[in-house]
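Number of protein chains: 2
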Amino acid sequence: MAKASIPKGTRDFLPMEMNRRNYIFDTIRAVFKRYGYLPIETPAMEKTETLLGKYGEEGDRLIFKVLQRGDKLKKLFADLKQKLKLIDKEIDFDQLNVLIVNHFLDQAADAALRYDLTVPFARYVVQHQNDITFPFKRYQIQPVWRADRPQKGRYREFYQCDVDVVGSDSLLYEVELIQIFDEVLYTLQLSDFTIKINNRKILSGIAEVSGEVDKIIDITVAIDKLDKIGPDKVKDELLAKGVGEEAVERIVPLFSISGDREDRLTALEAFLNNSEIGKKGIEELKTVFSLIDDLGLQNATLEFDPVLARGLNYYTGAIFEVKAGGVNIGSICGGGRYDDLTGIFGLPNVSGVGISFGADRIYDVMEELNLWPEDLDQAIDVIFVNFGENESRFVLPWLKKVRAAGFSAEIYPSAAKIQKQMKYANAKGCAYVVMIGDNEIKDGRALIKNMQEGSQENLSLEDLLSYLKEA
Amino acid sequence: MAKASIPKGTRDFLPMEMNRRNYIFDTIRAVFKRYGYLPIETPAMEKTETLLGKYGEEGDRLIFKVLQRGDKLKKLFADLKQKLKLIDKEIDFDQLNVLIVNHFLDQAADAALRYDLTVPFARYVVQHQNDITFPFKRYQIQPVWRADRPQKGRYREFYQCDVDVVGSDSLLYEVELIQIFDEVLYTLQLSDFTIKINNRKILSGIAEVSGEVDKIIDITVAIDKLDKIGPDKVKDELLAKGVGEEAVERIVPLFSISGDREDRLTALEAFLNNSEIGKKGIEELKTVFSLIDDLGLQNATLEFDPVLARGLNYYTGAIFEVKAGGVNIGSICGGGRYDDLTGIFGLPNVSGVGISFGADRIYDVMEELNLWPEDLDQAIDVIFVNFGENESRFVLPWLKKVRAAGFSAEIYPSAAKIQKQMKYANAKGCAYVVMIGDNEIKDGRALIKNMQEGSQENLSLEDLLSYLKEA
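Heads up: the sequence lines are chains A and B, in that order. For the first sequence, the working numbering gives the first residue as 1, with consecutive numbering after it. For the second sequence, the working numbering gives the first residue as 1, with consecutive numbering after it.
Worth flagging that the hints you see were computed from the coordinates, not collected in a lab. Treat the hints with care, as some may be off.
Capping the alpha-carbon separation at 25 Å, the derived lysine to any residue pairs in SDA-like fashion look like this [to be verified]:
#, chain 1, residue 1, chain 2, residue 2
1, A, 228, A, 188
2, A, 196, A, 116
3, B, 72, A, 62
4, B, 72, A, 153
5, A, 417, B, 348
6, A, 3, B, 149
7, A, 33, B, 343
8, A, 417, A, 447
9, A, 47, B, 343
10, A, 74, B, 157
11, B, 420, A, 447
12, A, 196, A, 74
13, B, 401, A, 228
14, B, 469, B, 416
15, A, 323, A, 29
16, B, 215, B, 189
17, A, 152, A, 57
18, A, 280, B, 72
19, A, 449, A, 29
20, A, 196, A, 29
21, B, 417, B, 438
22, B, 279, B, 209
23, B, 400, A, 27
24, A, 279, A, 299
25, A, 286, B, 470
26, A, 241, A, 262
27, B, 33, A, 363
28, A, 47, B, 149
29, B, 54, A, 364
30, A, 33, B, 209
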């Protein structure tokens with residue numbers, strides 16, 4: 001007999017968890033919509049070639065491949081068998097291995113589960129460029145799969161909530177995305193969160209000033225670790241990566257830039273004085289800050305973080321990261337601007353900017369800070385007790401009316417003991433239990449029990465709906 | 001360069017398609033909730049052993065398998081290489097083939113994409129039996145994958161919308177599910193649809209009366225084809241399947257049962273007079289009909305179809321199928337009662353009943369009959385024209401107010417030509433375009449254009465929100 005279990009790193013969701021997750025998704029979706037973003041979906045499987053080579057070597061290793069089925073698989077088997085037969089009897093087992101792995105497995109697994117929503121979105125924009133209107137504002141909330149080693153908070157299947165706009169380099173979108181961070185997290189009642197912002201052009205400027213433009217990635221990766229490992233170790237890493245001593249010395253003054261936003265921007269502007277791209281980065285940042293200052297945010301702190309780089313190499317302008325206060329959980333959102341995401345699929349020079357909400361991390365934050373709305377676990381409004389065949393036949397039309405009025409409602413399926421029925425109602429987080437037995441039918445009345453307060457009322461049946469509506 | 005395309009049989013969804021699909025899903029979900037069903041989700045991947053052997057040979061072949069990744073895959077490679085080395089140089093290629101296929105591929109693909117929502121649900125109920133309350137009413141709206149040959153209306157990835165209750169054999173749930181069929185399709189404005197109902201016990205009774213109880217599946221499959229191939233060919237098929245001539249003669253009178261529901265039930269009851277199980281089936285049907293007659297349906301015709309069997313062998317009580325009138329599309333919904341779904345995972349004797357909505361088929365019906373609500377393609381309420389840097393800086397706080405009032409709204413990202421901006425607004429199905437240029441700013445006014453009617457009004461800025469709210 002098959003054991004009831006699921007693959008490592010995957011999850012089932014119970015109704016209560018679903019309600020909480022849907023509360024997060026619905027909140028995010030509503031804000032995305034209000035800002036003019038439209039929903040799209042892409043298939044779980046992409047062609048393997050679409051995904052491979054986009055996430056670095058480590059990423060490639062984490063892509064789940066899906067085996068061909070049916071005739072195509074049969075043909076591949078026949079091919080393999082044929083090729084095996086061609087091999088000299090003096091078999092070279094390494095050659096055989098290569099044959100099986102490269103020839104067979106690679107072809108047999110020509111589809112793969114998407115690793116993120118960004119690459120499929122780039123593929124989508126190119127494929128449907130004649131069906132969509134640019135600037136194209138889309139949101140996408142779908143699961144992605146990564147064969148990562150499962151651990152607390154890291155799963156092999158998890159949802160991403162991405163919102164991007166492609167086809168415009170207007171900074172108004174940076175402003176809009178900051179507002180979206182703010183509004184989503186404020187609506188979810190996170191009272192303490194920081195939106196960090198930087199600009200990749202500033203990082204390019206730093207590399208330029210250092211004199212080691214080619215080392216921008218190494219420099220970026222190293223200074224991204226400043227918070228974690230401190231300035232000395234960053235210097236060591238820079239040197240280890242082959243950044244010249246002189247260049248490192250030119251970078252070091254950065255590490256001590258401090259003060260409020262204005263102080264830091266001014267110091268950095270001076271530092272980047274000889275870098276056109278660096279100054280452009282500062283200018284973009286200033287524009288965004290100025291517009292946000294005008295508009296105000298509900299709750300977020302917008303913080304300039306000149307060493308914010310994030311892992312992804314394709315950012316070319318703004319870089320975002322959001323951290324929640326009061327909990328020891330990594331960043332809960334991120335994003336940035338990329339100037340050539342669709343280039344890999346043959347549509348160059350389309351600038352875009354986007355952000356992503358980490359639903360699982362936000363869930364963990366909400367859980368830890370106990371931010372769930374009170375009525376989220378109340379899964380049903382009304383349950384009618386079942387007193388037997390005649391009584392339930394009498395109740396059904398009333399049940400129908402209650403549902404038609406928009407309440408979620410049901411009748412217990414059999415005339416079980418009242419305790420059992422109440423236990424069921426409790427477990428389901430029911431708000432009101434309605435009892436209509438023999439006597440009530442005769443008198444045209446109903447007993448209604450408020451499950452939270454424990455109080456009970458005897459109503460005329462005619463008043464049932466208005467009672468519920470006013471409750 | 002990677003070509004922008006997706007695997008055969010899969011689909012991308014454009015925003016307009018998403019809006020339409022979400023309209024169907026949201027309608028279904030709202031009804032499920034109102035009837036007290038709770039949402040769950042299961043992972044896309046199940047263990048291969050959970051799925052194999054549950055859908056017949058044909059089904060097994062259609063299951064997409066997912067390759068192991070990382071260390072586990074490496075270990076399997078090493079094992080394979082080792083085994084290959086152990087083979088005598090006089091290689092038996094069939095043996096080698098078996099080794100690769102059975103040893104390697106089967107172990108390398110120990111997870112698979114779910115083929116439907118029913119088997120994962122059975123697995124879920126058993127796995128979480130201590131975390132859920134019985135009767136457990138759940139709904140689940142998620143994609144499934146089948147390696148079917150793609151063709152019009154048949155995809156390799158498609159959504160199923162399932163609603164089931166397990167842990168009770170009460171016929172009140174049959175009644176409730178019929179109401180759900182009716183309410184969902186009525187809400188979607190399908191004016192003409194038929195819910196067909198039968199009971200597997202009647203089919204068992206027929207087999208019993210024929211004297212060939214062991215042949216129930218063959219008899220069921222054959223009489224299921226009555227509409228398609230006619231009574232003579234059904235007889236031929238029965239004989240070909242080894243049903244005795246005498247037994248066939250005993251079944252034949254069934255084919256001519258006609259008249260209204262009462263006539264047919266009466267004729268069938270007489271036919272099944274010597275079958276306890278058959279009579280039980282009739283009694284169950286009568287109860288359901290009587291309760292539904294009391295309650296009334298919004299729009300559906302509930303039709304007794306004594307030859308309705310459907311493919312699935314696990315139904316043990318009610319069998320449902322829904323067909324839409326006015327279109328040449330197969331059944332759009334189906335379902336039934338099963339007494340032992342969870343038995344395969346070690347929890348026997350749990351009765352359940354459930355139905356499934358075919359979202360893709362319903363989409364096709366809605367498309368063909370043009371049943372989409374008018375405002376579904378209106379993806380955004382308000383777009384502000386961008387007249388330049390100063391003007392957009394002035395507009396942003398107003399944009400913020402419009403969004404805060406619950407409207408979806410945006411500003412065009414750059415001061416492009418007005419025609420281009422209007423074209424964008426049109427393509428996005430925008431309801432109102434707001435123009436605030438230099439003069440309007442001076443006068444504290446706004447021009448607002450109703451995109452559907454083409455009319456235009458000049459408002460005081462203070463009146464903008466109330467104008468939109470009243471529109």
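For each hint, the structure was consulted:
1. A/228 x A/188: Not OK: residue 228 of chain A and residue 188 of chain A at ~29 Å, beyond 25 Å, violated.
2. A/196 x A/116: Holds: residue 196 of chain A and residue 116 of chain A sit about 22 Å apart, inside 25 Å.
3. B/72 x A/62: Holds. Residue 72 of chain B to residue 62 of chain A sits at ~12 Å (cutoff 25 Å).
4. B/72 x A/153: Satisfied, since the Cα-Cα distance of roughly 22 Å is no more than 25 Å.
5. A/417 x B/348: holds (24 Å)
6. A/3 x B/149: It is violated: about 31 Å lies between the C-alpha atoms, which goes past 25 Å.
7. A/33 x B/343: violated (45 Å)
8. A/417 x A/447: With a Cα-Cα distance of about 17 Å, the restraint between residue 417 of chain A and residue 447 of chain A holds, given a limit of 25 Å.
9. A/47 x B/343: violated (38 Å)
10. A/74 x B/157: Given that 25 Å is the threshold and the Cα spacing comes to 22 Å, the pair holds.
11. B/420 x A/447: The given pair, whose Cα atoms are some 64 Å apart, is violated under the 25 Å limit.
12. A/196 x A/74: violated (53 Å)
13. B/401 x A/228: violated (41 Å)
14. B/469 x B/416: Not satisfied, since the Cα-Cα distance of roughly 29 Å exceeds 25 Å.
15. A/323 x A/29: Holds, at roughly 20 Å.
16. B/215 x B/189: violated (42 Å)
17. A/152 x A/57: Between residue 152 of chain A and residue 57 of chain A the Cα gap is close to 24 Å, so the pair holds against 25 Å.
18. A/280 x B/72: Distance of about 48 Å is beyond 25 Å: violated.
19. A/449 x A/29: violated (36 Å)
20. A/196 x A/29: Roughly 22 Å separates the two Cα atoms, so the pair holds.
21. B/417 x B/438: The hint holds at about 16 Å.
22. B/279 x B/209: holds (11 Å)
23. B/400 x A/27: Roughly 17 Å between the alpha carbons, so the hint for residue 400 of chain B and residue 27 of chain A holds.
24. A/279 x A/299: With a Cα-Cα distance of about 30 Å, the restraint between residue 279 of chain A and residue 299 of chain A is violated, given a limit of 25 Å.
25. A/286 x B/470: violated (39 Å)
26. A/241 x A/262: violated (32 Å)
27. B/33 x A/363: holds (23 Å)
28. A/47 x B/149: holds (17 Å)
29. B/54 x A/364: Not OK: residue 54 of chain B and residue 364 of chain A at ~36 Å, beyond 25 Å, violated.
30. A/33 x B/209: violated (61 Å)
Checked against the numbered hints given earlier, the structure breaks hints 1, 6, 7, 9, 11, 12, 13, 14, 16, 18, 19, 24, 25, 26, 29 and 30 and satisfies all the rest.
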